[in-house]
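Assemble chain R onto chain X, guided by the hints.
If you read the protein sequences in the order shown, they are chains X and R.
The working numbering numbers the first residue of the first sequence as 1 and each following residue consecutively.
The working numbering numbers the first residue of the second sequence as 1 and each following residue consecutively.
The hints are simulated quantities; they were obtained by calculation from the structure and are not laboratory data.
Beta carbons: idealized from backbone N, C-alpha and C, even for Gly.
Partial list, computed: chain X residues near chain R (C-beta under 8 Å):
hint, residue
1, Q10
2, Y11
3, I190
4, I227
5, G231
Quick list of in silico lysine-lysine cross-link-like pairs, BS3-like style, CA-CA up to 30 Å:
hint, chain 1, residue 1, chain 2, residue 2
6, R, K165, R, K85
7, X, K148, X, K244
8, X, K244, X, K182
9, X, K182, X, K148
10, X, K148, R, K3
11, R, K85, X, K2
12, X, K182, R, K85
13, X, K3, R, K85
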Amino acid sequence: MKKGWNVLVQYQSLIWIVAAWELVAFVHIMPERLFPSLAKVVAVSFDLISSGLLMENLPATLLRVSAGFALAIVVGVPLGLLMSRSALLNDVMQPMFSLGYPIPRVALYPILVFILGLGSASKITLIFIECLFPIVLNTYYGATRVGKLYLWAGQNMGASRSQIFWRVLLPATLPSIFTGLKMALPLAFIIAVLTEMIGSTVGMGYLLSYMSASLMQEKVLACVLLITLVGYLLNLLLQAVSRKYVYWQ
Amino acid sequence: MDKRLHKIALIEVVAVAAVWQILAALQWLPEYLSSPLVIGRELLAMAASGDLFANAAASLYRSVTGFLLVAVSGIVLGIAAGYFKPVGTFFTPIVDVLNPVPKIALLPILMVWFGISDTTRVLLIFLTAFFPCFIATQDGVHGVRQVYVWAAQNMGAGRMQILRKVVLPAALPKIFDGLRVSLGLTFVMMFSAEMIGSSNGLGLGFLILTADMAGRTDLMFVSIFIIALLGFLFDRILLAVRARLLWWSENRG
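For reference, chain X alone in the conformation it holds in the complex (with noise of 0.2 Å):
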């Protein structure tokens, strides 16, 4: 009994603004069209569902989120790493992820929609660019933290280059290279969904503008959740691999 109130006490805040959500909902302050009830949201979510929307926009999301994660796993991690050992290939790099960092790349889009067109290319291009800065920079800087000693270690013991890289500098940095893939996933999603409802026939995001284009928002709300649950998903799983190759953290 004591411990059921003290998980309401602690959940208090997400109860009290559901309650009064619910609240504003069933004393129809605004339209129900505007502000429809939350549990109509969900039962709408469960509609999505069951009528095959959901699996038919689905789909395509994913194959540009992975598509553009996986390309800048394949580009960046080899990137930072490669910057860590040289010291001519980081003084070329640094200087553009440095200048580029704090640059608005979404705002490449339209012109990547030019080059590329409306497709998956051009959305697949910017998750990837969007992806390339934390995979890079954490991969960077976590190959430049692995301890010196155990580089000396391994030469000493007569590792060849390649068994130094593998066997010595892969396995310390993964966890950084793990914290910035954590760091680009979310942002994948993220670009892939925005991208969807700049211009898209088919998507989440395309899911979403279309729901909006009825004015009903128990559609877009119920879009909305279907979007977080998903990106949500999409990081347990990410974090489920990370634990199973960094078991040592």
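For chain R alone, coordinates are given in the frame of chain X:
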């Protein structure tokens, strides 16, 4: 970034512009990629007519208002949540639930509630940029070394005195980390809100939209350049403020 990297950065920018210009002059690039000279001429023309400043000012107004709201509320609430335990437990579930929501998805809802207006855009910017600032501030307060607090208590400082003289300065580096992330997000969201909530008003996002519809890529490049420049400048300003306030901190941007 030290002086040497500054120099390399400058050389790289000039080199990219030069190669772009040469390729454009040789007509090896598709027509729509313009050339730095054409873009520069357009930029000067727009600066001369004042269009540039009107659009940039409208966009800046939105992002700066949003950022100031975030900075004040994020820091105040973050410190309260980090320093006073009940406040922290009150806010934690809200933050846990709302933080993973892609805020841009809320734009259609905000547009219905508040119209296609600056209120909507500033609110969207605020919702996006608030969480990094709040979370970093709370983390920063939690991360203050307990020894400092004990030392202050030992010397007879009151609870509010400790907050002002010990906890706040010690949390400041983390707070600035959060502010930097939030600042970047305000510019991203300013642009996105203008791109999606299309209406005919002033703003750099609208400028790109109109240029896009007219097929004027040179104009698009001008607005992209200005957005990039503003994002870069404001980041520098924040870093300069940080360096002034945190002259004792070793960890500088």
